[in-house]
Structure formats: C-alpha cells, structure tokens
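S.K.: So the protein lines, in turn, are chains A and B. Taking the working numbering, the leading residue of the first sequence gets 1, the next gets one more, and so forth. Taking the working numbering, the leading residue of the second sequence gets 1001, the next gets one more, and so forth.
Calculated directly from the structure, the hints in this document are not laboratory data. A virtual CB, placed ideally from N, CA and C, is assigned to each residue, including glycine. One or more of the hints may lead you astray.
[Claimed, not checked] Cβ pair distances, simulated, as ranges: (1) A:G109 to B:V1387: 21 to 29 Å; (2) A:G98 to B:G1389: 15 to 23 Å; (3) A:L107 to B:S1284: 28 to 36 Å.
[What the hints assert, rightly or not] So the derived list for chain B, only partly shown, Cβ under 10 Å to chain A, looks like this: (4) P1007; (5) V1011; (6) Q1430; (7) H1431.
[What the hints assert, rightly or not] According to the in silico footprint, chain A covers these stretches of chain B (three or more CB under 8 Å from chain A): (8) 1080-1091; (9) 1148-1155; (10) 1206-1216; (11) 1311-1317.
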Amino acid sequence: MRQQDFSDRHPSFMAGLEPLSRRGFLRGSVLAGAALSAGCARLLGRKEAPEALEYEHLEPNEVRTLRRLTEVLIPASEGLPSSIEEVPTLGNIDSMAGKMPPQTRELFGLALWVFERRPMVSFSFTRFSNLDDDDALEYIRSMQQASFFERGLTTTLKTVVTLNYWRDERTWPALDYWGPVTEKWGVTRLGNAPLPRA
Amino acid sequence: MRNVNVPRDGVPVTQAKDVAADPSLGKKFRLRADVVIVGSGGGGSVAAYELAKAGLDVLVLESGRYYPSSRFTEHLGDSMQLIWRDQAGQVNTSADVVFAEGQCMGGSTVIGGCVMQHPPDWVFQRWVDNHGLADLAPEKLAPYFNQVGQEQQVHVNESHEINACAHKVIQGCERMGFSWQPVTRNVKRCALTGHCLAGCPSDRKMSALVTHLPWASAYGARMFADTQVTQVRTRSGRATGVDAVVMDPDSGSEVARMAVDAEVVVVAGGAIQTPMLLQRSQISDPSGQLGKNLAVQPFTQALAEFPEDLHAFRGALVGVQVDEFFDTDGYFFYSGLAEPEQMLAQGYLGAGQDHIDFMKKYKRMAALNAFSIDEGNGEVQWEGDAVNGSKKIKWNPGRSEFENVKRTAALAARIFFSAGASRVYLPTYQHLAVDSVFDLDQTLDQVDYGLNGMYTFRMNSFSAQGTCRMGLDKYAAVVDPDGECHETKGLFVADGSLFPEPMPAPPQWTVQVVAKHIANRILERRDGLFIQGNSA
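Okay, chain A solo, but in the shape it has when bound:
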C-alpha cells in the first residue's frame, strides 16, 4: 500500500489545519482585517497587476490564486510546456468561467476565496498566493487529506486547473497520447445513416 502520510515527515504538519475550529475566533478578525486591507488598498489606488486585465471573466484576486495554484500544481518539468507561459491554463479557466451558470460561477468564486484565505490560520497569516513553493505544496497536500469539505474544495480546484492544462495538445507527447487521429489516419466520414427500410 502506498498512502501518503505527511504526518510522518512533519509531525505537526496535519495539525496545521486542525486549529481552525479551536481558533475559530481568530478567523473572523483575520478575515475582517484582510477585507479591510483590501479595501484600503483599493482606496489608496493600488492597482492590480496588468496581467489581470487579460482575463475577461475572472476577478484579479481569482487570477492571483489560480496562477499560484497552477504554478504549484504543475511546475516546470522536462518535456512538458510551461503551465503559465506556454499553455494558456488561466485563459482556458477564464473562458470556462465565462460559460458557467451563475450559481456555479458564484460557488467557484467562493471556493477560490476560501482556498486563498484558509492558510491564514495555519501559515502565519499568509494567503495561499503568498506562500513559498514548499509551503504552498504542503498546504495543498494537507487540504487533500483534511475534512470532507476541505478535500472537496481542493479536489474541485485541482481538477479545474489540471483539466485546463492537460486539455492542451502540446502536453500530450509527454504522455505518449496519440490525440486526434481521424484525419491523420484518413478515416472517411460516413455521413448520415440511410433511412431504415419500412
């Protein structure tokens, strides 16, 4: 059996998420503080990175979370195109978000909001998008093994990101996947089936 148990490597690692309920009282104040800082930043005229403007349907803060998640989930690897620079993973997600029914879109936004802020309880008030690579990876892994809500949230976001990367055919040679073949093989189209005999 191979089941990854991160508590072996980091005795206090899983506990990083556990204090959520015990320190629930902190959460409100931390999040209120974060909201206040975001509001102040806006008031003081801090501008979002120009890259956020590339996306039509995602909010700048969502882009930030998704970009970091993409970088951490699918790091540079030999033989694979970059998940940020080459494959338009975020662009694909943006397009997907634009076609989501309003209810789903709202849930997706909420999921990103929670995912971004959840580490503030366990990683010294740091948001996900500000975690360094190691911490970000640890955070994702621990979320995957945490309560049903957290693993659901994490699995959903991971699926969205990875789906929008691996759907790009530039990633397929590394998988030895043949991709579309009908044209390559010269398979002829049969057209409509003939009308059944009465």
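Start from chain A and add chain B according to the hints.
M.R.: Chain B only, in chain A's frame:
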C-alpha cells in the same frame, strides 16, 4: 408517394444566428405545429422521427447548440466546453456528484460511450407487476428493441473492438472466475479511435445526430437549436404549446422569444431537465412525485497501473462488461479509458511533481467503470421564476448506496490486481492508492460515510432516471402508461424520467424503445388528441 431524401451530411437546423439574421422573425415570433418536441436526444429524436414519418407537422426544440460531427475535433476539452451540459459541471447540491449530459442537437447520444444494453426481462416484468404497465411487458417491448437495435446498428463487439484495457479486465475476470462478455454498441464500422466521449467525427457512432434527427428532417420535421423552453402552456387541462427563448450559445444573450402553438407537447429533456420544465410550468401533479424518485446509477472509475505500457486509450473505448453481479447485486462494470482528461476524475491527482508523475503513467493505465444501482431517493427541483430560476439536484448516497459504491470500487480493484496491476488508484476524494490486494480493504476502510456520504467517492451519473415516473395510478405516478401526464391532456414525456424503478443498465436503448412506444400511442390516439383536425 412521398419523396423522402435524407441529407447526406448534417441536419437542417435553425440556430440562434439564423434567427438573429432573419428580420421577418423579429424579437418575438410565433410558430405552429401539430407536435412540439422539447429535447433532441435519444427520446426526442425517436419520437420526432416516428411522428414526422406518420405525416404530422413536428417541431423539435433543443436548448443546446447544433454542432455537426464534421466539426468534432477529438479534443474532449473542447467538447466538454461546447456540448456537455454546464461544461461537464452539472452537479448535485453538495457539488460532489457530476451529472454528465449532452447539451446539443442529439443530446447525450452524441457524447456517450456507445453502450447499448437490453435490460433483463425481469426489469419490465416488475414494471408490469408493480406499476400496471401492461403495454411495457417484455414480450410487447421485444419488437421495439429489435427495431431500435437495427436502426442503431447495435452489435456485439468483435475481437478487434477489444482493446488493451478490455483485455486486462478479461484477464482479471478469468482469474477471479467472474463472468464477462463483450459489450453491445451502436457503432457502424468503428474506426477504433477511442474518442467516443468527444463525439465521433466520422459518423460511426449511431448518435441521433446521424440517425433519427436527419431521418425526422427527411420527413419534414423542423428543428431549432439554442432554444430553451421556459414553460409548457396549458389551458383547461390541455397542453396548448410552449414558450421558449432563443439564446446565443456563446454569449448567453437572448436573441428572441418564441411561442409555439401545438396540440401535443412531448417533453424529452432527460430526467434532470424534464421535471424542472414541468415544475416551471406548474403542471398539475396529484401524485406529488414530480421531480422525485431520482435514480442516478452512480459510477466510479478504478484506475490501475500496470508494469508495462498498455496505451489502453487506443481502440474502441468500451470493450467488455463484467456481468457477474448484475442479477444478484445490480452491479455492472465497463472497461474504458478515455482521453487524458479522464485521469483528472480521480481523487489521487497529486500536486507538483507527484501530479506530473501520475499523469505520465497514463500509457500504463487501464480503467474499469463500476456502476451500482441506487434506491431512487433523489430529487430535482426548479427554484425561482421560469427564466431566471435555478436547478437543484438533490442526491447523496444513503448508507447502503454508499456501501454498494465502495463494494464496486473494491471489486474493480480486485479484478485489476488479478490481472497483474502494480497499483490501483481508488476513486475517492482522499488521496488513496493501493499497491497490493492485501491492503485494499484496510485502505478502503479509511473512506467512511461521514456526513451524507459527501466527498467520499468521486461519483458520476450518466444515467439519471425516474423523476416523472410512469404508472397507472395518478396518485402514485406522474405520467400514465401512454407517457401522458395524468392531469394534462396532450402533454407527454418520452425520456428516462418516466422509468418507474431504478434500472440496472445503461438506459439509451430503453429510452429509445419507450419513446417509440409513446409515439405509437400518440398516433393510435390521434383522432382524440388533434381536435382541431389539422393532423395528417
């Protein structure tokens, strides 16, 4: 004698862009037909064909886009975005069960895995015994099954249609002593591309897009895509037509409003959409069962890694089924590993280098899709007004259903270990994989039922059914044995929503058979249904 010509390719469909470009239609227009059919999938297309062939003026309205097979790219990601409902993101209220559905001309027949299964006779005998559906007795349905089987070119997979994935399943079954058999599929001269779920670009899958829709069109049926029916209109207990909105499929903006006057309305949107349309339309339902009894036939996928390269995505997508537990437990299993995107339906996924390593094993993977029968305790509800409201799909596994899902996952894993798998990735929301059959039970025990079984197994449903169940008793069933709503004359249902009990088989063949039966009943009763005398 009528001159009937089936178009060589494609179907004449009016799309939103055509409506927008036609100044004579304007922002509101009205059409009339003998029969308006809502939905163009397995049920709607068969009903359209049968009724148009009989000379009725048939109008088919489809909420999805018209995406002809000549445009299929064999990219699952593209198809999911364009022709799968909600981009394959239609989920239950707790967002952990995916309800896959086609939303395009041809509906789910376009994106399905081509599996056609004739359910055992005892299923229909129960319909007779428990729900008074004498016309659906096995011997009465048999000719319909034959007819649909011929129309759909249904055949048992031949040896060249059994790919490496299926061979691993066969190997495992042989060692376990489990019964298996080649799958029956509706494919004509399969090109063995493995791209069924993305739509077949060479028209070999006998989807409605290349069979019943062009045939219906040849008999004069008119078709609109991008047209969302908002409600069925009724007057004095009779259906009188439908109201619909034509939407641009890319921007989602309204192009025009359509009203259709028709004496017969056939709703065939599938077990999720049909009850919601009837709810929006406030159709009288003395049974109180409208939208209830949702059965989902949950399935998970066990993914197995083998020491050698398999390239199991090559060849016919679905090769064999394991039928050992079909009669005893209602479990059934189909081999099938699709595009790389399918790997992402696993809980394992990993992160960082782990994730990349996992994906790079794709060529050494085989997959077995494990289905179980549920109890039909789910519910579909439309909340809010007809245009801006929203759907709610309420289904989470009960304890026994959860145990069934767990058992099917375990059986699938055992089959693969018997076939020599070095690791099996379990279909859970937890990050679970097993390297030995001896650790399987212990590992699966880590998945506990928790709160309503939420976020335990990664379950999907391709076969929702039961939400407008059929029966003789109007206080127990939504539609009568003819498929007509008990309290609304001229309003028929012709899809999987009318199955009176959860059925342990993929539903497409049965849906098409039942739609044929309902179309025939409409024709037999045409004098009473078309009172304005405008039927042919």
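S.K.: I'd like to know which numbered hints this structure contradicts. Please list them from smallest to largest.
M.R.: As far as the earlier hints go, not one is violated by this structure.
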